[in-house]
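Novice: Here the protein sequences line up with chains H and B, keeping their order.
Here our numbering is used: the first residue of the first sequence is 809, the next is one more, and so on.
Here our numbering is used: the first residue of the second sequence is 166, the next is one more, and so on.
Calculated from the structure, these hints are not laboratory results.
Every value quoted in this text rests on a predicted model; they were computed, and no experiment measured them.
Treat each hint with caution, since some may be false.
Computed footprint of chain B on chain H, listed as stretches where at least three residues anywhere in the stretch have a Cβ under 8 Å from a Cβ of chain B [stated by the list, open to error]:
hint: 1; stretch: 848-857
hint: 2; stretch: 955-964
Capping the alpha-carbon separation at 20 Å, the derived lysine to any residue pairs in SDA-like fashion look like this [as the list claims (entries may be wrong)]:
hint: 3; chain 1: B; residue 1: LYS590; chain 2: H; residue 2: ALA944
hint: 4; chain 1: H; residue 1: LYS854; chain 2: B; residue 2: GLY491
hint: 5; chain 1: H; residue 1: LYS1007; chain 2: H; residue 2: ASP988
All residues carry an ideal CB built from backbone N, CA and C; glycine is no exception.
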Amino acid sequence: MTLKRRKEATAAFLFASPWLIGFAVFLAYPLCASIYYSFCDYSVLKLPVWIGTRNYENLMRDEIFWKTLSNTAYYAIFALPLGMVVAISLALLLNTKVKGLAFYRTFFFLPSLVPMVSLAVLWLWMFNGESGLVNAALGGIGIKGPNWLSDPEWSKPALVLLSVWGVGNAMVIYLAGLQDVPVQLYEAADLDGATAWQKTRNVTLPMISPVILFNLIMGIIGTLQVFTVPYVMFPGGSPARSTYFYTMYLFDNAFRYQKMGYACAMGWIMFLIILVLTMISLRLSEKHVHYGGS
Amino acid sequence: MNPRAIGTIGLAAVVVGTALYGERITTPEVKPGPVRITYWEKWTGFEGDAMRAVVDAFNKKQSEVFVELLTVSGIQDKTLLATSGGNPPDVAGLYGPNVAQYADSRAILPLDEFCAEAGLSRDSYIPCYWDIGFYKGHVWALPSTPASTALHYNKKMLREAGYDPDRPPRTFEELDAMAAKMTVREGGRKDGRIVRSGFLPNEPGWWNWSWGSFFGGKLWDGESKITVDTPEYIRAYKWIRSYSEKYGAGDLQNFRSGFGNFSSPQNAFMSEKVAMLIQGVWMYNFISQFAPKLEWGAAPFPYPADRPDLERSTLVDLDVLVIPKGAKHPKEAFKFIRYVQSQEGMELLCLGQRKHSPLATSSAEFYAKHPNPYIKLFTELAKSKNSISPPQLGIWPEYEAELNNAFDEVYLMKKTPEEAVAYVKARMQPILDDYLLKQRLREEAEKR
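Put together the whole structure using the sequences plus the hints.
Specialist: Put into structure tokens, the structure is as follows:
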């Protein structure tokens, strides 16, 4: 390295140092410490005591752990595809040339700006069994709506429906992807006599496939970590733990039951699950994702 | 030296200087004068104002200690984290059921010596409230405000159902029979949806864990065994299930799903959807705010007819004051706590929050000024030998979650009472064993 380059590198690190120091102190240290704690009996108030893999062994035998994991998987399996389909559809619609486009774009993005807690309280009213708007609307078309909030069969579907409320962010990312699709491709497709559906299927979707992959991975992370809305709407994961999600159990272990070591172990298991799912989606996507550059 | 080097050094000096000076200006200067102590408390609204008045009165009364009151939400989590970080407040306002967990973790200081010095003992209080802060032979917490619970009933709805509005049910059997008569279905049809109910075991649903105690059950034997699988508990869960059998689990859910928020005019009791329920001394505050015209009464909660020894059972709850470990001024902190325990301080606080006083005696003036027409009943109930409070167990939060879940499963008819309690026992016993073992090892290590 020449002197000049070395100087430049030093300067670069110096400029990045606030972030680097912040990362080391506030993220890297807790991250590493939590690996250690996950092998300890640790209550926050007492010093950690090394117990080997006992936390992980106990987790494997903990019925509630499996219950929360299956609740979370249920939520992710339904909320993720639903959210993606709605977000892509909205983005496609908002990519057409209609009057008042800016208004519509704002309109559909707006719900994402509502803070989570207000959102949860708002939807408690929407899903209210007697006077809720959701059931009133269903009643309007002759369907007797279920007890969204108090029937264990319907509480998770209610949360899945509610998740669509927050697709605005993903929608904007799709929209940006759509604007990048080269016009020539559509022109070429037009010359070949492609229908609108064929164009969407064979031009648009492949061209925005990197964006879809990105949103898929962010979606996996987001849905598996669902916390705020169910925590506010369903205290303790009621009714009958049907809405008790992984992160809620983790939180309870850490702060209510003072089992921080156990909670850290849960955190690392979730990390591994997300890591594996992300790697699988990257692997599966190799054939289906088309990058503009290649 | 070139100008650039000077510039760099100058910049570095500014950065370091700001960092150091910044620390200094955020740390308040130590002035001769009163010792400043910090006090974290959870209350907001009129309850917060009541405590602020007490703090102001204390600060005015003497010049040695100055209390700074800070309203903190999620008080138990934040006190926990601040204590483990070594920077706790001098006084924290926790909840009664926190005491065992915090004491076992040595996160709060024992107050025995302070109490002895100040002449405070069990005799100074209504015993059940002293007992909530007393754990494993030590005083860990002293009362701030207490609450006992009673049956609240709607006189108008009793009258309409043909009952004497001044003769509420005394036994569970009477309660169930009257509830059945007061439950109204739409159009009077058998398959109509429920529009009014006499009583629901899960309204307000804050103490779903406690019904076994109303039937004489104990949650543990005080030493090593979870005793939730006893006949008393099974009987309680059968009673809970009888409501789902009688009215239909689905119909009850439908009905309950239409209730509004607790703290609103749509509250089930205040909007006359439910005629009778268990509620605490604070209920008066909400009734006077949201439904001032409601014709209501309060009476001791019913007991099983074959267990007259359980008469006047009442759930008692307590907010407590503690000194976290690592507090900088424990002596001064206790001075403030001591003032709250005085008749003057306590009555100012409890009158402001419109609760009864946890002290053994209350002044005639306190009752004369108190707006709740049933305040004496709540005081008397707290003195009952059948007061019920959460067990002093470090694992109580987990146990409570398990009991609440068992309630749900029985009420929704997903499990039989026997299955539900067997499950709770099977899950909690190993957790208790583990907890007690760790506790014992720790105490032995401390002795050594």
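Novice: Determine for every hint whether it applies to the structure shown.
Specialist: Against the structure, the hints:
no.	hint	in the structure
1	848-857	holds (count 5)
2	955-964	holds (count 6)
3	B:LYS590 <-> H:ALA944	43 Å, violated
4	H:LYS854 <-> B:GLY491	13 Å, holds
5	H:LYS1007 <-> H:ASP988	15 Å, holds
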